[in-house]
Structures are given as structure tokens and as C-alpha cells.
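**Q** The primary structure of each chain is shown beneath.
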Amino acid sequence: MYEHLETAKNPDNLKRVIVDPVSRVEGHGKVSLLLDADNKIQQARLHIVEFRGFERFIQGRPYWELPVMVQRLCGICPVSHHLAAAKAIDQLVGVDPENLPMAAQKLRYLLHFGQVLQSHALHFFHLSSPDLLFGFESDINKRHIVAVLNEFPEIGVQGVKIRKFGQEVIRMVSGKRVHGTGAIAGGMNKSLSKAERDYLLADVDQIIEWSNASVALIKKVHCSNLPYYDQFGTIRSNFMGLIKPNGGLELYHGGLRVKNPKGEIILDQLDYCEYNDYIHEEVRSWSYMKFPYLLSLGKENGWYRVGPLARVNNCDSIDSPLAEAARVEFMAHGGEALVHSMLAYHWARLIEMLHCAEKIKELLNDSAITDTKPEDLVAKGEKRFEGIGVIEAPRGTLLHHYQVDENDIVTKANLIVSTTNNNMGMNESVRQVAAEYLSGRELTEPLLNNLEVAIRAYDPCLSCATHAVGKMPLELELIDAEGVVIDKLLKHSDGEIERAHV
Amino acid sequence: MSKTITIDGQVVPFEDGQTIMDAATAAGVYIPHLCHHPEYTPHGSCKLCTVKVNGRNCSACTFPALEGQEVLNDTPDLNADRQKITQMLFVEGNHFCPSCEKTGNCQLQGLAYHLNMLDNHFPHFYATRQVDASHPEVMIDHNRCIFCTLCVRASHETDGKDVFGISGRGLNKHLIINSPSGELKDTDISIDDAAVHICPTGAILIKRTGYQIPIGQRIYDHQQIDQVSLAREHHQDEQ
Ligand code: FES
Numbered sequence: 001m002y003e004h005l006e007t008a009k010n011p012d013n014l015k016r017v018i019v020d021p022v023s024r025v026e027g028h029g030k031v032s033l034l035l036d037a038d039n040k041i042q043q044a045r046l047h048i049v050e051f052r053g054f055e056r057f058i059q060g061r062p063y064w065e066l067p068v069m070v071q072r073l074c075g076i077c078p079v080s081h082h083l084a085a086a087k088a089i090d091q092l093v094g095v096d097p098e099n100l101p102m103a104a105q106k107l108r109y110l111l112h113f114g115q116v117l118q119s120h121a122l123h124f125f126h127l128s129s130p131d132l133l134f135g136f137e138s139d140i141n142k143r144h145i146v147a148v149l150n151e152f153p154e155i156g157v158q159g160v161k162i163r164k165f166g167q168e169v170i171r172m173v174s175g176k177r178v179h180g181t182g183a184i185a186g187g188m189n190k191s192l193s194k195a196e197r198d199y200l201l202a203d204v205d206q207i208i209e210w211s212n213a214s215v216a217l218i219k220k221v222h223c224s225n226l227p228y229y230d231q232f233g234t235i236r237s238n239f240m241g242l243i244k245p246n247g248g249l250e251l252y253h254g255g256l257r258v259k260n261p262k263g264e265i266i267l268d269q270l271d272y273c274e275y276n277d278y279i280h281e282e283v284r285s286w287s288y289m290k291f292p293y294l295l296s297l298g299k300e301n302g303w304y305r306v307g308p309l310a311r312v313n314n315c316d317s318i319d320s321p322l323a324e325a326a327r328v329e330f331m332a333h334g335g336e337a338l339v340h341s342m343l344a345y346h347w348a349r350l351i352e353m354l355h356c357a358e359k360i361k362e363l364l365n366d367s368a369i370t371d372t373k374p375e376d377l378v379a380k381g382e383k384r385f386e387g388i389g390v391i392e393a394p395r396g397t398l399l400h401h402y403q404v405d406e407n408d409i410v411t412k413a414n415l416i417v418s419t420t421n422n423n424m425g426m427n428e429s430v431r432q433v434a435a436e437y438l439s440g441r442e443l444t445e446p447l448l449n450n451l452e453v454a455i456r457a458y459d460p461c462l463s464c465a466t467h468a469v470g471k472m473p474l475e476l477e478l479i480d481a482e483g484v485v486i487d488k489l490l491k492h493s494d495g496e497i498e499r500a501h502v
Numbered sequence: 001m002s003k004t005i006t007i008d009g010q011v012v013p014f015e016d017g018q019t020i021m022d023a024a025t026a027a028g029v030y031i032p033h034l035c036h037h038p039e040y041t042p043h044g045s046c047k048l049c050t051v052k053v054n055g056r057n058c059s060a061c062t063f064p065a066l067e068g069q070e071v072l073n074d075t076p077d078l079n080a081d082r083q084k085i086t087q088m089l090f091v092e093g094n095h096f097c098p099s100c101e102k103t104g105n106c107q108l109q110g111l112a113y114h115l116n117m118l119d120n121h122f123p124h125f126y127a128t129r130q131v132d133a134s135h136p137e138v139m140i141d142h143n144r145c146i147f148c149t150l151c152v153r154a155s156h157e158t159d160g161k162d163v164f165g166i167s168g169r170g171l172n173k174h175l176i177i178n179s180p181s182g183e184l185k186d187t188d189i190s191i192d193d194a195a196v197h198i199c200p201t202g203a204i205l206i207k208r209t210g211y212q213i214p215i216g217q218r219i220y221d222h223q224q225i226d227q228v229s230l231a232r233e234h235h236q237d238e239q
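Going down the list, the sequences are from chains P and X. First residue of the first sequence: 1, per our numbering; consecutive thereafter. First residue of the second sequence: 1, per our numbering; consecutive thereafter.
In short, the hints are calculated from the structure, not lab data. Each hint should be verified, as a subset may be incorrect.
Subject to a maximum C-alpha distance of 30 angstroms in a straight line, what follows is the list of computed DSSO-like cross-link-like pairs (lysine-lysine) [stated by the list, open to error]:
no. : chain 1 : residue 1 : chain 2 : residue 2
1   : P       : Lys-383   : X       : Lys-3
2   : X       : Lys-185   : P       : Lys-373
3   : P       : Lys-380   : X       : Lys-207
4   : P       : Lys-412   : X       : Lys-207
5   : X       : Lys-207   : P       : Lys-176
6   : X       : Lys-52    : P       : Lys-412
Predicted, not measured: the structure shown is a model, and the values here were computed from it.
Using the sequences and the hints, build the whole thing.
**A** As C-alpha cells, this is what we get:
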């Protein structure tokens, strides 16, 4: 597709444009473009320039620290890391998912739904709605949540409240809105009190209603900008994610399914503990982020995408009525077996957000989650030396793999985070946008935002680190063929734009 | 008529043989401390209990109460010094509260909150310290040891085992294990020993029990260390 733009043939005499850092995403990444004298793009890459080394520094620690320690990878989706690590250490104490006490499993689902709800709300309302509501090349002073709150106060406030509700679910289950505890090896450390449950139940219908309205909103935005929204950043790829045994949408536990771009199932119900037989990772010199691919299809064709678009495309149904109805409408869009539109990631994300809201209500009405004695929340088994946990994090399939020694100390860790799974997809979308929308035009900051819009659709968590909404400093440099900086735009952390004199 | 001292102007009675700490605790006056425990011989090493007695700095946990002493305890100057000592304890070891299983139940952390410690202030040592997980039930994370010697005293005085000792001086000071291999697995320590349960930080731990107490039910979730300490030690004194 656009692979020819990964590496330019003669990079020496090309102008270089750097978008660094990419804003309104989690963590730190940069985009580099190489342009020829006619501003035609010859090379486009998304580089991940941050290296955190978590896999190294959890070695030597006792395994029960893992769920609490690894969630520090991220301030946005810590619960995903918490639960993926918890699933892995369940195995270290000999507890497989089917043997987890039912109440503990339901509490973990509740925690996870709260997490996905708040993360999706954050991404849509806080990070992406400025692009979607004001346009990709809109005035930079408008591209933040505060402008959304001013011009679309109802939507903005709903976004803030949906996110807050998700965080309250997390707080009730894990004790804190960010970086709580909760999941321990073999189960959970507490259930909900009736008061905690009632506190959440009071708001849940409103949250479902707003989530439903936001699906209608994104559908309207998408469908009133056709064919642009179907084409922008759109590429074709395999899709991977967990799936229920009956093929239904699954976020917490299931087998792996892969569909090819034609919508054919090429792998199904794989036991993720055998991931090593199916997925390998390639290293490229220009990025810290690895490029995973399916062994059976090889490095060239084996790359795949994960996350909301992958999950909604992959599943046969969703087991909550409003989200299922939204899924049916969604799949009808585009008239093919799968929806390929990159911007449909947003649409699929909001369908999942609605699903989470519906499932939270269902779980809150389940008596198993309240007033269970601590001893009934934890299962025990025979010690094992290896544990693998996979979960569908908001951004896609997340894998934690640990080995421990006879003293319970971690000797080896491998983490494949969601965003890594989307590495090739994001790069391809960046190249598509560069080739189709930027190439040959004089580059301006609004134009370059197109690249960020493409990256943002994937909701990448580039470092699984912290972020600053609309406050991320941005620096654009235009360098001519002689290597001289001919233009420079600076966005300061207070949002002010300055053209540097060069 | 019983003998008295004053602490911050409050008249506090004492009996012969009591330290200032003993008298204060019995009267419900909190003096910050880490290495002191009412059941064990005072050691006087952490210096957090430093008070001014008639104008001179003394360790309340070791200094005998004497008729007519005027003791200053809860003063801005003394608390500022205590905060600095706590900061030094934090930078000397490797205390990563966010992922530590003792968080919420840790006296060092509780004291840091009580003293309103907002940063480490001093440059971090990044000391290289080991984890001894060789024993099937008990684990030592040397990163979190503050050399209070409570485990040394508990093992000696209550358990009669002498599993622990302190070796080296100054920067080289470290907790040692009394076994031929130097490892915990070759000692006769057992999970019921007082020494296993006395650690004020997260250095001595019972394996596989971390994070079982939910947030909200931990010792310092609802009460500060002064209240917890008085409730426990005041009570112990009466027994
Ligand atoms: S408590 Fe007195 S010196 Fe430590």
C-alpha cells in the first residue's frame, strides 16, 4: 500500500519536516517527513522516541507486586495493565480464568468496563472531539476540550461526566480513581458494599443515555463527511482481538481471532498462552517500538491492527442491546464485510463505550458483586513458574508474560502493549495521509495536524505515560535540501503559537 | 504526690525509671518515633523523637524523665528537623511508595505524611540493595530497611533466636542475617516470630500477602500516625 514511503530511495537531498511531539496522544512520539523540491513526500515515519524499560526493572521483584507496579506504565489505562498482570499472576498461583471465583471475575469485569468507559470517553471528548467537531485543519486555538466546552457545552459536559462515572466505578472497585489495588493473585481483595453499588446505580441510566447519544453523534459526523471520512487515513489490514467462545465481543477474557481484510476468519479461538507460536516482533532501527506480525503470514503481510475497530469488526455480536443495534448499523456502513475507514475507529470506540455502560448496569444489578466475604473472593492452586495474561485494553490487545523462580521472584518479563500492535497500522495511515493529503502542498501547521488526526484515531498510548491535554509543546521545522532551517513554528505549553525568525 | 515534667507546657506525671517517651505516651502525648517500641529496650538511633529538654536536644525514647524538666516537643523547629531526618531516610534507601505493598500500613510513610513531607529534598542515593526471598514464607527487601533494629531486638528479646544483626558503620551499615550462608532460608525464623511482624516499613514481609487489605481498610487510611500510635501504645502501657 504505502510501504514504499517507509524509506526514501535517496534521502540525502530531501527536506525534512518533523512533528515533535505529536500532541493530544498519550506519551511522546514524533513524525518525520522527507520532501523533495516540489514538496512531494518521499518518506514518512512515526517514531517512538521514548524508552521506559519496564520489562527490565520488574525483574528481581516478587510477582505479587506486578499488578500494582506495572499499572504505573500508564496514567490513562492503568487498570488494563493491572488486570493483564493479575491474569498472569493468577496462573502463577495455579488459578486459570475458569477457576477464578465467580464474584471476583464479575468484579474484574466491572473494573474493566469502568476503565474502558472512562478511557474511551477521555479519548473521544477530550482528545479527538476538537478535530471532529471543528475540522482537522481548524484554528489551533480551538483544538482543545475547553473550546468544545464553549461551543458545544452539552457535549463537552457529558464527556466529562461519562469519564468521571467510569473513574468512580474504578474507585469503588479498586479504592482509588487512578492506581488503586483490587486484583490480587487468584481473585480480588474486596467486593462492593451495597452503598457503593447504589451510589453507582444512581447515575448509570443517565450514562447509558449519553453514551447512546454520543454514538448517534459520531455517526452523524462520520456520515455527513463522506467520502472523506471513509478515505482519510484508510488502509486495509488484518484485525486481531479476543473474542467470546460464541464469537461475541469480549474485553476481558477469550480466545484470539484474526480476520483478513476480506473479512475471512484466518485464526480463531487461539489460546493466547501460545502467542509465541503465532506472533513475532520485528525491530526497526528508527523506532523504539517493535513491529509485531503473524508468523503464518510473514513480516510483509502479517501485520495487523487491534483496538475498537478490530474488535467490532471481528465479533459476530455484542451482548448488550443498544450496542448491538449500533454495531449492526455500523457494519452496514461501507457495504463490505468489514469497515475499513480509519476514522471509523472513533465510531467503533463509542459503540464499545455504550456497551461498557450497559454492562456496568447489568453487573451492578448482580448480587454477586456485593458483600462477598474476602475469603470467597480468592482461589488457590498449585504454584507455577510461568504466567501469561491477555486482555483487551481500550487501545487493543495487551499481553503480559512473566516467569518466576522458586522463590517467587520475577526472572523474565515480556509486555506487548496495545499500541505496539498498531505500530504498522499507524505508520501506514500516516503515510496514506502524507501521500494523499499533504504531498505537493506547502506545509502549514493546520495541514500537519492531519498527520496527528491520523495517529490520534488509533488512540495511541505512545509511552503508556502521562499526557497534557492541549498543552503539549509542538515544534515544526522545515529544513531545505541544504539542511538549512527555513521555517519554524513553535507552540508553547500555554497554547501560544510563535513563528520563529530564521 | 507524683513527680511531673512539662511537655509543651502541659504537666505530665511520671514514675521513676520512665523515659520521657514513656511518660508522654502514658499521658496521651505523641512524640514522633520510628525505632522506639514500648515492648523493647530503647535503641535511640533514628532520632525522630528528638525533643528539647531544658534547652538541650535529647532522644525522648532513651532520656529518663526527671522532676521539673521542661520539654519542648511539638514545635516548628523540631518538626522541621524531623522532616529532614525523614527525608534522609527516604533518599538513603529505595522507598517507592506507589508500588510498595506496605503503602498505607507503613510507619515511615505515615510519619512522612504527618510531618508534611512533600518531597525528598536531598539527592537520592540510589543504593544497590538486595532482596532476600530465599525463605519460603518470609522475605526481606533490604531496599526499605531503615536500620531501626526493631527486628534485631524482637528476635533477641521475644523470639530468643538472634536471627538479625546490624553490621558495618555509616554508609556501610546493613542488616545481616545470622546463618552460615547469610540467607534467610538457613535461619530458624518462623512466620509467627515477633521479628517478622515488627518492621515499621516494608523491609520484612510475609510472602504472598501483599495488597490483600483493600484501600480504605489500611492502618493509615483514616487516621494519622499520631492517633494510631497513641491508641496502640497508650493501650499497651496500661496492660
Ligand atoms: S525513637 Fe527515639 S531515637 Fe528512634
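**Q** Hint check: Lys-207 (chain X) vs Lys-176 (chain P), CA-CA at most 30 angstroms. Holds or violated?
**A** holds (24 angstroms)
**Q** Tell me if the straight-line CA distance from Lys-383 (chain P) to Lys-3 (chain X) falls inside 30 angstroms.
**A** Answer violated: Lys-383 (chain P) to Lys-3 (chain X) is near 60 angstroms, above 30 angstroms.
**Q** Are the Cα positions of Lys-380 (chain P) and Lys-207 (chain X) separated by 30 angstroms at most?
**A** With a Cα-Cα distance of about 15 angstroms, the restraint between Lys-380 (chain P) and Lys-207 (chain X) holds, given a limit of 30 angstroms.
**Q** Holds or violated: are the alpha carbons of Lys-52 (chain X) and Lys-412 (chain P) at most 30 angstroms from each other?
**A** violated (52 angstroms)
**Q** Keeping to a limit of 30 angstroms between CA atoms, is the pair of Lys-185 (chain X) and Lys-373 (chain P) held or broken?
**A** At roughly 34 angstroms apart (the allowed maximum being 30 angstroms), Lys-373 (chain P) and Lys-185 (chain X) break the hint.
**Q** Could you grab the alpha-carbon distance between Lys-412 (chain P) and Lys-207 (chain X) and see if it respects the 30 angstroms cut-off?
**A** holds (19 angstroms)
Hints 1, 2 and 6 from the list above are not met by this structure, while the remaining hints are.
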